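Read top to bottom, the protein sequences are chains A and B.
Following our numbering from start to finish, the first sequence increments by one per residue and tops out at 264.
Following our numbering from start to finish, the second sequence increments by one per residue and tops out at 314.
It should be emphasised that the hints constitute simulated quantities derived from the structure, not laboratory data.
Be aware that a few hints might be false.
What the hints assert, rightly or not - Here are the simulated DSSO-like pairs of lysine-lysine, each with C-alpha atoms no more than 27 Å apart in a straight line: (1) B:Lys217 / B:Lys83; (2) A:Lys192 / B:Lys58; (3) A:Lys192 / B:Lys54; (4) B:Lys93 / B:Lys58; (5) B:Lys140 / B:Lys57; (6) B:Lys57 / B:Lys136.
Please read all numbers here as calculations on a predicted model, not as lab measurements.
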Amino acid sequence: MTRILVIAKNTFRENVRDKVLYNLILFALIMIFTSLIIGQLSLGNEVKIILDLGLASISIFGMLIAIFLGIGLVYKELDKRTIYVLLAKPVRRHEFILGKYLGLLYTLLVNVAVMTVGLELALLYQGETAWSVFLNLLPAVFMIYLSLALVTALALLFSTFSTPALSALFTFFLWIIGHFGRDLLYFGELSKSVFVNWICAGIYYVIPNLSIFKIMGSRHIIQSLSFYRPMDPSVVAAAFFYCLLYCAVILSLSIAIFLRRDFK
Amino acid sequence: MKAARTKTGSRQTMYCLGIVLIGTLLTIPLQNLLIAHLNDTGPDPDLLYLNSPKILKKMALGYDSLLADIYWLRTIQYFGDRKEAEKRTVRFKNLYTLLDITTTLDPDLIDAYQAGCIFLAEDEPVGAGLPGEALKLLDKGIEVHPEEWRLRYDKGFIYYWFLSDFKSAGDVWLEVSRRPEAPEEMGPLAAMALSQGGAMNVARSLWKRQYDESTRKGIRENARNRLLSLQVAEDLWTLEYLLGVYRLENEKYPGSLEALLSGESRKVMTVDPLGTPYDYDPETGAVKLNPQTKVHYVAVPMRYKEDFLTTLAD
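Just chain A, with the same shape it has in the complex (with noise of 0.2 Å):
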């Protein structure tokens, strides 16, 4: 546990010093505090536009920093030849995933952090004062940071076995797929063929379904309004127990194929 926790440092301190990271949290916090001005074309709905402007922009950068930090974390190791140092010493190879994974955890966790006090502060200076819409954001965020620790498993299994360039075409596909899973469902019930719909069936429960953590937007937040509809608690426990029985397989695929891998 101790190796993992060292090599999960050492990957957020490496992540910390790429420029890459400071340049897409400044873009999203520049987004954030413009939903302020376009808040205002907005009849009304200021609060709403920043909100969901401001989720959207932790949720998409989030997915970039996810994508670019997580699809490096193995093959920078192996370009550099970095890893060969690394396996000499007492490190087992499933450690080394799990402490990439776990390093970049914690900076997507910064990084969101970052983010979320960008959207309040802007929430603050816009004249938001009710203390329930500060809370209930803080369960939107948690939704979007379970995506995002599911899209970061998912780039570090292509990220074992393939190139970055590659390990993010993959990784932004399956993001893109994993919002249309009800539709191949959908479409495997529509079809006469018994094989099709089991096809269907078969990829609907393989592709994670990332529809699911995008269930808390800016309705939810703001409930100060009679028509929005209440939160629901165990909706966001569900996800978060699809996320950690997805991620535990995905990064046993990952630790399956690092295990098989030939350094020499």
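Place chain B on chain A using the hints.
Leaving out everything else, chain B in the frame of chain A:
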């Protein structure tokens, strides 16, 4: 040798700076020419390439709420930019589609139903002149939010004002009045609509309510114009009536409106609500709004005149 080279170098720099300066100055008329050409491209075909709400919802990749905001802002610009609207062959052809997309992407955006139904129902050139589409939009909202009485109130309003269907308006408001969350005045409003459809006092109370309760500048402005127009219509119809009575008694029209009126009414009824005197022709007895008036007059339906004159004669 070195001095000569430096002199040549500085001359070249000067040439370059000269080209930069002249080039920049030349781009100004060129750019203005291009912009003028771009602005004169004939009527706007008003194309909406993506017009299926369901497909857009799929393409949103979970960012439905954000895309709804973008479409809502686009709807406001589409409706609010009068210059652009004039360039289109049909002013607000895509207004309903834009509102449909916005409310499909975010069914909880109540403002889109409320403001959207007014945008749609208002007669041209203020709105799209499509009260039927406004009802369709409100029905969509009511289906998603059956608890939201304001949407039903707006539905009654569209029936009452834009379709002159007082019975349907009264029925909708009566249904609203039975809901515990609805304000108390819904019952009397329903009764008034059912018993006195087309009465000025009902019309005034409806627009007053819009003016007092709306938080949107455009809608308040429209309601204010409507209230002022109702006042102007009442003044003009009263003056016409009194001038008719005067002529019957004296076989001619009075020399001025002041001669017709006495006391407080002289001060109030000879000028419009914003203080500009009405135009009066003593030869024909015609009385109308002064062209210099600050009132943005929106025509009041003639059916209100009949009701008003009956009340006045009584």
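| query | Quick check: which numbered hints come out false for this structure? | reply | none
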